[in-house]
Amino acid sequence: DTGVSQNPRHKITKRGQNVTFRCDPISEHNRLYWYRQTLGQGPEFLTYFQNEAQLEKSRLLSDRFSAERPKGSFSTLEIQRTEQGDSAMYLCASSSQGLGTQYFGPGTRLLVL
Amino acid sequence: QKEVEQDPGPLSVPEGAIVSLNCTYSNSAFQYFMWYRQYSRKGPELLMYTYSSGNKEDGRFTAQVDKSSKYISLFIRDSQPSDSATYLCAIAQGGSEKLVFGKGTKLTVNP
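First to last, the sequence lines map onto chains A and B.
Letter by letter, the first sequence follows residues 1 to 113 of the numbering used here.
Letter by letter, the second sequence follows residues 1001 to 1111 of the numbering used here.
The hints are simulated quantities; they were obtained by calculation from the structure and are not laboratory data.
Errors might be hidden in some of the hints.
Each pair of labels, with its calculated beta carbon distance range [as the list claims (entries may be wrong)]:
| id | chain 1 | residue 1 | chain 2 | residue 2 | range |
| --- | --- | --- | --- | --- | --- |
| 1 | A | Thr38 | B | Pro1081 | 26 to 34 Å |
| 2 | A | Lys57 | B | Gly1094 | 15 to 23 Å |
| 3 | B | Pro1081 | A | Gln80 | 26 to 34 Å |
| 4 | A | Lys14 | B | Asn1055 | 24 to 32 Å |
Chain A is nowhere near these chain B residues, computed Cβ spacing over 12 Å in every case [stated by the list, open to error]:
| id | residue |
| --- | --- |
| 5 | Gln1006 |
| 6 | Pro1008 |
| 7 | Leu1011 |
| 8 | Lys1070 |
| 9 | Pro1081 |
| 10 | Glu1097 |
| 11 | Lys1098 |
| 12 | Gly1104 |
| 13 | Pro1111 |
Note that the Cβ used here is the ideal one computed from N, Cα and C, for glycine as well.
Produce the entire structure from the sequences given, and follow the hints as far as they go.
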C-alpha cells in the first residue's frame, strides 16, 4: 500500500443526482479527513474521523452531505441532490499521528452539470 | 480577515534561484505549521511540518516560523524545474485536527 486511494477519480453528474465517493486510507492510519478544493483555492476542511467516530464537522458540510467510516477503515462521502456549486475536487487524507501529519489522496474531481 | 493569507502569485524564477514563499495568519492560537506541494490535478504532498518558532531544514527546503509576527516562510534553495507546483501553507490549532490552508502560490522554475 503506497498511499491514500480515492475512487472514482472523476465524476460528472447532473444537478439533483446523488453521488458517493470512496476513500481508502493508508493501512493502520486511524484518522481520516475529507476536504474540498475549488479552483484557485486551498483545500477546505469538511470532516474528520478517528476510527469510526466522526469527531469534527465543518459548517460547510450541509445536510446534503454525509460521511461515514463504518468499520474504521475506508470512508464514503455522499452528496445528495447535487448543485452546480458542489463542483470541486474532493480530497481525502489520513494520519496516524494527527495534526499536521496528514497525507492526501489524489482526489475525486466532481463536475455537476 | 481570513485566517491565513497567502499571495497566489504566480511566481516565476530561473533554475538555481532561491525561492521564498510566505503566509501570514491572524490567530495566535495556531500552533502547528505545514507546507504542502501540489502538482496540477494531484493531491497535496506534505513537505514540512513544524510547531515551534525558528527554522527547520530538510534538504533544499527550509521552513521558518515567527510566531510573534504570525508569519511563516518556506525557502527553496537551488530551485529545479521539478519544483514547479503550487505551494500551500497550512496551520492548525492544538486540540483540533482541522487544517486551515492558504490559497497556494503557483511557482514556475524555468530551465
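Against the structure, the hints come out as follows:
Our hint of 26 to 34 Å for Thr38 (chain A) and Pro1081 (chain B) holds, since their Cβ atoms are close to 27 Å apart. Between Lys57 (chain A) and Gly1094 (chain B) the beta carbons are some 19 Å apart, a value that agrees with the proposed interval 15 to 23 Å. Range check, Pro1081 (chain B) to Gln80 (chain A): Cβ separation about 44 Å, and the 26 to 34 Å hint is violated. Against the hinted window of 24 to 32 Å, the Cβ-Cβ separation of Lys14 (chain A) and Asn1055 (chain B) comes to about 51 Å, which falls outside the hint.
The Cβ of Gln1006 (chain B) sits about 8 Å from the closest Cβ of chain A, inside the 12 Å cut-off, so the non-interface label is violated. With a least CB separation of 7 Å from chain A, Pro1008 (chain B) falls inside the 12 Å interface cut-off, contrary to its annotation. A cut-off of 12 Å between C-beta atoms confirms that Leu1011 (chain B) is not in contact with chain A; the least separation is 15 Å. The claim that Lys1070 (chain B) lies off the interface holds: its Cβ sits roughly 17 Å from the closest Cβ of chain A, which is beyond the 12 Å cut-off.
At roughly 22 Å, the least C-beta separation between Pro1081 (chain B) and chain A is larger than 12 Å, which holds for a residue marked as non-interface. Its closest Cβ contact with chain A, about 5 Å, brings Glu1097 (chain B) to no more than 12 Å, contrary to its assignment away from the interface. Non-interface status of Lys1098 (chain B) relative to chain A is broken: a Cβ of that chain comes within 12 Å, the nearest being about 4 Å off. Here Gly1104 (chain B) does not stay apart from chain A, with its beta-carbon only about 5 Å from theirs, under the 12 Å limit.
No Cβ of chain A comes within 12 Å of the Cβ of Pro1111 (chain B); the nearest lies about 26 Å off, and the non-interface call holds.
In the structure shown, a violation is registered for the earlier hints numbered 3, 4, 5, 6, 10, 11, 12, in ascending order.
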